[in-house]
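Peer 1: Below, each chain spelled out in residue letters.
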Amino acid sequence: MTTATNTPEDQGFRLSQLIYDTRYRSITIQVIAMLAFMLIAAFLIRNTIINLSALGKDINFGFLFNRAAYDINQQIIPYTSDDSHWRATLVGLLNTLLIAFLGCILATVIGVIAGVLRLSKNWLTARIMTFYVESFRNIPVLLWILAFMAVLSEALPAPRAFRGEDPAASMWLWDSVAVTNRGTYIPAPVWGDGSVFVVITFLLSLLGIWAFGKFSQRRFEATGQILPNFWIKLAIFFVPSILVYFVMGGPITLSYPELKGFNFGGGLHMRNSMLALWLALSFYTGSFIAEIVRSGILAISKGQTEAAFALGLRPSRTMNLVILPQALRVIIPPLISQYLNLTKNSSLALAVGYMDLRSTLGGTTLNTTGRELECMLLMMAIYLVVSLLISSGMNVYNKSVRLKER
Amino acid sequence: MKKSVFLGALTLAGLAAGTAMAQDSSTLAAVKERGVLKCGVNPGTPGFAAPDANGNFVGFDVDVCRAVAAAVLGDSEAVEYTPLTSAVRFTALASGEVDMLARNTTWTFSRDVDLKNTFVGVNYYDGQGFMVPKDLGVSSAKELGGATVCIETGTTTELNLADYFRVNNMDYEPVPVESFTEAQTQFLAGACDVYTTDASALAASRASFENPEGYVVLPEIISKEPLGPLVRHGDDNWGDIVRWSLNAMIAAEEYGVTSANASELANGTENPEINRLLGVEGELGAMLGLDNAWALNILTQVGNYGESFEKNIGENTPVGLARGLNAQWTEGGLIYSPPFR
Numbered sequence: 017m018t019t020a021t022n023t024p025e026d027q028g029f030r031l032s033q034l035i036y037d038t039r040y041r042s043i044t045i046q047v048i049a050m051l052a053f054m055l056i057a058a059f060l061i062r063n064t065i066i067n068l069s070a071l072g073k074d075i076n077f078g079f080l081f082n083r084a085a086y087d088i089n090q091q092i093i094p095y096t097s098d099d100s101h102w103r104a105t106l107v108g109l110l111n112t113l114l115i116a117f118l119g120c121i122l123a124t125v126i127g128v129i130a131g132v133l134r135l136s137k138n139w140l141t142a143r144i145m146t147f148y149v150e151s152f153r154n155i156p157v158l159l160w161i162l163a164f165m166a167v168l169s170e171a172l173p174a175p176r177a178f179r180g181e182d183p184a185a186s187m188w189l190w191d192s193v194a195v196t197n198r199g200t201y202i203p204a205p206v207w208g209d210g211s212v213f214v215v216i217t218f219l220l221s222l223l224g225i226w227a228f229g230k231f232s233q234r235r236f237e238a239t240g241q242i243l244p245n246f247w248i249k250l251a252i253f254f255v256p257s258i259l260v261y262f263v264m265g266g267p268i269t270l271s272y273p274e275l276k277g278f279n280f281g282g283g284l285h286m287r288n289s290m291l292a293l294w295l296a297l298s299f300y301t302g303s304f305i306a307e308i309v310r311s312g313i314l315a316i317s318k319g320q321t322e323a324a325f326a327l328g329l330r331p332s333r334t335m336n337l338v339i340l341p342q343a344l345r346v347i348i349p350p351l352i353s354q355y356l357n358l359t360k361n362s363s364l365a366l367a368v369g370y371m372d373l374r375s376t377l378g379g380t381t382l383n384t385t386g387r388e389l390e391c392m393l394l395m396m397a398i399y400l401v402v403s404l405l406i407s408s409g410m411n412v413y414n415k416s417v418r419l420k421e422r
Numbered sequence: 382m383k384k385s386v387f388l389g390a391l392t393l394a395g396l397a398a399g400t401a402m403a404q405d406s407s408t409l410a411a412v413k414e415r416g417v418l419k420c421g422v423n424p425g426t427p428g429f430a431a432p433d434a435n436g437n438f439v440g441f442d443v444d445v446c447r448a449v450a451a452a453v454l455g456d457s458e459a460v461e462y463t464p465l466t467s468a469v470r471f472t473a474l475a476s477g478e479v480d481m482l483a484r485n486t487t488w489t490f491s492r493d494v495d496l497k498n499t500f501v502g503v504n505y506y507d508g509q510g511f512m513v514p515k516d517l518g519v520s521s522a523k524e525l526g527g528a529t530v531c532i533e534t535g536t537t538t539e540l541n542l543a544d545y546f547r548v549n550n551m552d553y554e555p556v557p558v559e560s561f562t563e564a565q566t567q568f569l570a571g572a573c574d575v576y577t578t579d580a581s582a583l584a585a586s587r588a589s590f591e592n593p594e595g596y597v598v599l600p601e602i603i604s605k606e607p608l609g610p611l612v613r614h615g616d617d618n619w620g621d622i623v624r625w626s627l628n629a630m631i632a633a634e635e636y637g638v639t640s641a642n643a644s645e646l647a648n649g650t651e652n653p654e655i656n657r658l659l660g661v662e663g664e665l666g667a668m669l670g671l672d673n674a675w676a677l678n679i680l681t682q683v684g685n686y687g688e689s690f691e692k693n694i695g696e697n698t699p700v701g702l703a704r705g706l707n708a709q710w711t712e713g714g715l716i717y718s719p720p721f722r
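Sequence order for the protein chains is S and Y. Here the first sequence stands for residues 17 to 422, where the numbers follow our numbering. Here the second sequence stands for residues 382 to 722, where the numbers follow our numbering.
These are calculated hints, taken from the structure and not from any lab test. Treat the hints with caution; some may be incorrect.
In silico PhoX-like pairs for lysine-lysine, Cα to Cα no more than 25 Å straight-line [what the hints assert, rightly or not]:
1. S:276 with Y:515
2. S:230 with S:249
3. S:420 with S:318
4. Y:413 with Y:497
5. Y:523 with S:276
6. S:318 with S:137
7. S:230 with S:420
8. Y:605 with Y:523
9. S:73 with Y:497
Keep in mind the model is a prediction, meaning the values are calculated, not measured.
Next up, chain S with everything else stripped away, as it sits in the complex (with noise of 0.2 Å):
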């Protein structure tokens, strides 16, 4: 060993130690690797400008401002067909948003329960939950979307059906949901004069709940009496609102949906496009989650569940004190790739009619206006924002549930 670090007497740099001294040559391998590639990347631009030129077309995002002329039937804020295709690409962007938002959140739910499950004791619990994940998680997403939308379609009744003295269908809960073929009808919230003070009230009640949770919290650490936290949690929850709600004088009611001409008008329509969409997004990614967390609850030692049940802890507080906060952290970066997939196989919307951001920029945008190279760039550009804003959301997610030595 003493040898190698007895360097010879410095002859000054030479050229070939750029090649054999191990000190310069990864750099020189780098620098190698750096201009390979960026002459590459050169070459690829350059043919892309001169064949695009040859073509006569140029890269002009100008198409942007110009009146888009198509109606998109789902719409998060207002647009019409006069709008331009900036205000077209937003409220796709929007509605991939959404269904990615409620897609994240019906895929943790149901992975979490499917994954706890598949631990489960008996028998057929568990061979059920076998059964769902591997069924999910080796059929393409697209054929999943495609099969939801049939049996939506071909199974539901159409509006047609609940009409006249004695219709084939009815509407469900009390006259307020119907479920159709071209979507679900449920009531919707009307606004009135005055609402604006029960959400704050309902806003505030929620901070109130987080702070009597702190409170709490610190009285256990402090005495060692446990409050029956979750009754004076609901009760935070629902009593200031409704008091709010009836001093006011109820200003929120429901618009329940009803017949009007083709269509039930009124209340919420959430169309088959995104039922099917969202459906089939969450069961697939959920079928992945549940792998995740059964390794996450796998991976702590059983040695920490017996700990826990020698101190007295009930199984519930087991789980939730020693189990979970460990598991955690071996879920929680697996899950993150989770969410973005789901993010990115949403643009699968199209099949089904949904209209995300790949339907309209990169769909009826591209179309009528052939700027393919500008949409696709955009669109990529989109979805790349879109999911590195979701992984540093969740990194800082991790970061609080990470290991913390002391």
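Fit chain Y to the given chain S structure using the hints.
Peer 2: Leaving out everything else, chain Y in the frame of chain S:
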């Protein structure tokens, strides 16, 4: 990471562009060398382009492809069909994946000028219509306020629909679908009240329904949809070949040249125009860079415009379209070929 993804995107775009550059500058030379014409068609519109029981594409648009193959290669069967959805058709043409499109495509200003295509003519004058189930009790498109409408995305029909309902101050719920077959499935399941597309395609899809009598096509035609074959900008000679192949079919009908009598008339007739068309007189074929029997090949192998119409979409077929606007100009229609001179 951001940078690498961006560069990756550019790589893809560059690769796509690279294939475009690789193609021969002369489409005619490329087709002759390949020995087969690549033609983009509709994946399945009965009567216009759809696979038959043996899996071979047949139809009115397909006949245009066959005519061009007959003119260029002397064999109407030397065609490789590429089924294209409405969303990818122009990209496929621009990138050189197909040599021409004969895929009921509406000739519009922006598609012609902005998308750098050359529409070589019109083989079917169409217009957008509406189809509804009969028991809906609707007799006019003006009564469709509030209806749910199935529509193929990425088509001119989508834009016409938005404009029509807007101008007439009616609400509607668009249900975008990706393909013709998906639209039919949704429409038959009652997931939409109305199916709208070109009237010819409505008739074609109605013909394929189990119970065609249960559905009506409403009388309103809300747009002009001149459908025709197209090629990409930049190869005028190739555009001429496709244009005059279509015109040869149209002119042949006008002069009474059919698949049955073309060979006989090619021995020479009194009519100099027929003689020039069939290559007996003049060098029209050579001017296009083709054999002088190019039009004769079209007519013996494919037939004239009227024959193709009657065989594929005429009144005696399940599609059952009347000639209407698509009759010869001598019979009150719009079908008209410039002179072969």
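Peer 1: It remains to establish, for every hint, whether it holds in the given structure.
Peer 2: Each hint, compared with the structure:
1. S:276 with Y:515: 19 Å, holds
2. S:230 with S:249: Status holds; Cα separation ~12 Å.
3. S:420 with S:318: Holds, because 22 Å separates the two Cα atoms, which is no more than 25 Å.
4. Y:413 with Y:497: The given pair, whose Cα atoms are some 24 Å apart, holds under the 25 Å limit.
5. Y:523 with S:276: 17 Å, holds
6. S:318 with S:137: 15 Å, holds
7. S:230 with S:420: The hint holds at about 20 Å.
8. Y:605 with Y:523: 18 Å, holds
9. S:73 with Y:497: 8 Å, holds
The structure meets every hint from the earlier list without exception.
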